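Let the sequences and hints guide you as you build the complete structure.
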Amino acid sequence: MARVCLMSSLTAFTGGERVLEVDAANVHQLMRRLGERFPALAPHLDDSLAVAIDGEIHQDDWFARIAPESEVHIMPRIGGG
Amino acid sequence: MSESVKGNGAAKALRWVGTRAARPDGVDKVTGRARFGADLFAPNMLHGRVLRSPHAHARIVSIDVSGAEKLPGVKAIVTRDDFPEMPSEWSPLGELIVNYHDMTRNVMAREKVLYEGHPVAAVAATSPSLAKRALAAIEVEYEVLPHVLDPVEAMRPDAPLLHDHLFTAGVDPRPETPSNVAKRVQFGHGDVEEGFAAADLTLEREFDTRPVHQGYIEPHACLGSVSEDGQAELWVSTQGHFSVRGHCARLLGWEMSRIRVTAAEIGGGFGGKTVVYLEPLSLALSARACQPVKMQMTREEVFRATGPTSGAHVRVKIGATRDGRITAADAELVYQAGAFQGSPVQPGAMSAFAPYALDHVRTVGYDVVVNRPKVAAYRAPGAPIAEFAVESTLDELARELGLDPLELRLRNAAREGSQSSYGPKFGPIGMAATLEAAKAHPHYHAPLGPHQGRGVASGFWFNIGGETCATMNVNEDGTVGLMTGTPDIGGTRASVSMMAAETLGIPLERIRPIIGDTNALGYTFVTGGSRVTYSSGMAAVQAAEDIIGQVRARAARLWDIPVEAVEWQDGMVAPAGANAGEFDPMSLADVARVSGKTGGPIVGEVAINAQGAGPSFGTHIVDVEIDPDTGRVSIARYTAIQDAGKAVHPSYVEGQMQGGAVQGIGWALNEEYIYDEQGRLENPGFLDYRMPVCSDVPMIDTVIVEVPNPAHPFGVRGVGETPIIPPMAAIANAVEDAVGLRFTELPMSPPRVLRALDEQRERLQAQAAE
Chain A
1 MARVCLMSSL TAFTGGERVL EVDAANVHQL MRRLGERFPA LAPHLDDSLA
51 VAIDGEIHQD DWFARIAPES EVHIMPRIGG G
Chain B
1 MSESVKGNGA AKALRWVGTR AARPDGVDKV TGRARFGADL FAPNMLHGRV
51 LRSPHAHARI VSIDVSGAEK LPGVKAIVTR DDFPEMPSEW SPLGELIVNY
101 HDMTRNVMAR EKVLYEGHPV AAVAATSPSL AKRALAAIEV EYEVLPHVLD
151 PVEAMRPDAP LLHDHLFTAG VDPRPETPSN VAKRVQFGHG DVEEGFAAAD
201 LTLEREFDTR PVHQGYIEPH ACLGSVSEDG QAELWVSTQG HFSVRGHCAR
251 LLGWEMSRIR VTAAEIGGGF GGKTVVYLEP LSLALSARAC QPVKMQMTRE
301 EVFRATGPTS GAHVRVKIGA TRDGRITAAD AELVYQAGAF QGSPVQPGAM
351 SAFAPYALDH VRTVGYDVVV NRPKVAAYRA PGAPIAEFAV ESTLDELARE
401 LGLDPLELRL RNAAREGSQS SYGPKFGPIG MAATLEAAKA HPHYHAPLGP
451 HQGRGVASGF WFNIGGETCA TMNVNEDGTV GLMTGTPDIG GTRASVSMMA
501 AETLGIPLER IRPIIGDTNA LGYTFVTGGS RVTYSSGMAA VQAAEDIIGQ
551 VRARAARLWD IPVEAVEWQD GMVAPAGANA GEFDPMSLAD VARVSGKTGG
601 PIVGEVAINA QGAGPSFGTH IVDVEIDPDT GRVSIARYTA IQDAGKAVHP
651 SYVEGQMQGG AVQGIGWALN EEYIYDEQGR LENPGFLDYR MPVCSDVPMI
701 DTVIVEVPNP AHPFGVRGVG ETPIIPPMAA IANAVEDAVG LRFTELPMSP
751 PRVLRALDEQ RERLQAQAAE
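Going down the list, the protein sequences come from chains A and B. Under my numbering, think of the first position of the first sequence as 1, with each following residue one higher. Under my numbering, think of the first position of the second sequence as 1, with each following residue one higher.
These are calculated hints, taken from the structure and not from any lab test. Note that this is a predicted model, so its numbers are computed, not measured. Don't take each hint at face value.
Stated by the list, open to error - Away from chain B, derived, C-beta distances all over 12 Å, residues of chain A:
#1 Leu6
#2 Asp23
#3 Gly35
#4 Ala42
#5 Gly80
Unchecked claim - Listed below are several chain B residues computed to face chain A (Cβ distance under 7 Å; list not exhaustive):
#6 Glu89
#7 Ala377
#8 Pro424
#9 Asn609
Claimed, not checked - Covered stretches of chain B (in silico footprint by chain A; criterion: 3 or more residues with CB under 8 Å from a CB of chain A, positions within the stretch not fixed):
#10 458-469
#11 527-535
#12 682-691
Cβ coordinates follow ideal geometry from the N, Cα and C atoms, glycine included.
Written out as structure tokens, the structure is:
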């Protein structure tokens, strides 16, 4: 299962849990399963987030592959000037 | 002077990528043929003007446009009543997350005006002078309210409240009363208290920065034309015409297909042209008048009403061991957002300590509304402020520890595999390489003159990819039309064409690049986030590969051999070997000539959401000279070093590094908004808002480091944002080196420096007297 690290502001909806083990093959599955596990978190898993999979940041990339041994960070999306 | 340093993974020999080819739009630019926003005209065109608030904060009691409507030649007037109400929620638009409740109020004030310059009404008339008269004939009754400009003051419980509905997000429990604090964010890992307990030395400092404007040469300008059947066209100076289409459609309640937007040539943006101001007004006025409406801002309007970046208050605390290992780092950042929520405090908090590998790190940020124009993105939004504070504190730490400042940074530099302060682990990065390059540079070892000092600082920016389309049409003679959707600000038509030519193996001159309008291509995200050379380059490479595949397939059918037996070499299709048969190789032109008989036109099309953008790091060295009589800080020598991944067109990479450095120099030394007691801007022009000009700066030397980004076919990283980050701290560090004074407040303008020098002289005299 992938190791998923949440950004601090999301831990208010997971009972303080920040590092989770999640069985998900891609970003879309990951978000769905996190929402099922923590219903209070679901509304916050929105377009304002990005997902870093093994160090590579993905934005709006639902089908980005997550391997069982992947380290995933859920973080704010990045913009620029 | 320019140099280049190769990192790991040196690329294969390349014909175009890495050269300094002529830019395709160069002749148009130097002859004045290029059409910028204000160069656009249409038959029967009207002139639009905006009535703006004279108050920093006031309730709008009434707006009476009847006097203006009676003026002959006034064809349309719009106010708050002409824009639909929007819910306060964050809505996705393409790759943007937008609160249209706020955006519609920024475009046209509704209940209140929230800053001086806030639009209250707009008119379209047959001449500019008549439009001006019409504005004077509009009567607005205001109830003036107390205002607040400073973010720290705005956080106080008794501060004037801008929005009754704004409750701080990101705190638990949710506040019961509204405030000016829109959001709290936090990042980091480890246990900072444990880290500080392990430190031999801990420094804590506070810093203040002022809002600064992007300072693009070309003011905002557009021409909107809505026909009687509701179809709209808009020509505009923008960093992202697809975003303009989306914003206008939402703000006006129109379907997107009604609006076709064409990006004019653009005279700079730096993030400030990723938002809309005049565009929905022009379309709304044109829809009423059924005539084209041209609108352009004066420089004064640009200053009074368009987004600068935040001013901020930052507290930084760093602990280290005697041998220079950072044990903990902590920062609190308060950024002003302007009149509506959405400062770049989040990326500021994420990037503050990103150049370093830290076990214990925490950043907390606050997004605070004040009575100033809503901030807009500005080159590496948020990062320059945060990293100014961190890099200044690090310099003091190095002094206290007796360490060379580059050596302190090297001992703590983030490297491949380091966990970033914002979460994920880094892939291949060039932070240490830029520090090594700085250490080895002759500038770092050159002798200093009287009243001179030297400073260094580093910087980090994420870079992004995003939704991007490219179309390549192979013409009948084998030349290629390349269309992308990212407005060209920094020479990207050249760099994207060079990657396409490299892939196709054809001369660069045979590719003609254009920027397509919103009906010509699929959605393409803005030119911003240092993403165009990366993303449009990736799309162009894939479009070229699409063409190669089609040409190989057609040659295979012509030769009656399997497509696997046809290979592409140096712009030609050829049999893959003796077993494939004996056929003369065919050029792209040969295949194009018969394309009509072999399946029709050859068109390469790609629509991607580019991922894998690689972060960029830079390190700058600056020598300053201080005039003890006037307090003026001059830049005596400057060297900018940055990891570009791969410099596709080194001249444009150097240009980005030099431009960013100069903007940072202005931020450090001169730029600030001056307000009167009523919250009215007193210096809305380039004479009094002092940006650097050529005579203010020496040649900015550059060193391009190349640590390739493995996610890009040519190793590209974005380069446009990082170079604005190091200058403020590098200059502050150099000033301390020169005169022994630490400036924690920007700008280090002559009056502020002179005052500090006078105080220093008084202290020294007092000590001598004792």
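Hints and how they fare:
1. Leu6: 9 Å, violated
2. Asp23: 20 Å, holds
3. Gly35: 17 Å, holds
4. Ala42: Non-interface label stands for A/Ala42: nearest chain B Cβ at 15 Å, farther than 12 Å.
5. Gly80: 2 Å, violated
6. Glu89: Violated. Min distance 10 Å.
7. Ala377: 4 Å, holds
8. Pro424: Given a least distance of 3 Å, the restraint on B/Pro424 holds.
9. Asn609: 6 Å, holds
10. 458-469: That given contact holds, which follows from 7 residues of the segment 458-469 of chain B lying within Cβ reach (below 8 Å) of chain A.
11. 527-535: holds (count 4)
12. 682-691: violated (count 0)
Violated hints, listed in ascending order, are 1, 5, 6 and 12; each of the other numbered hints is respected by the structure.
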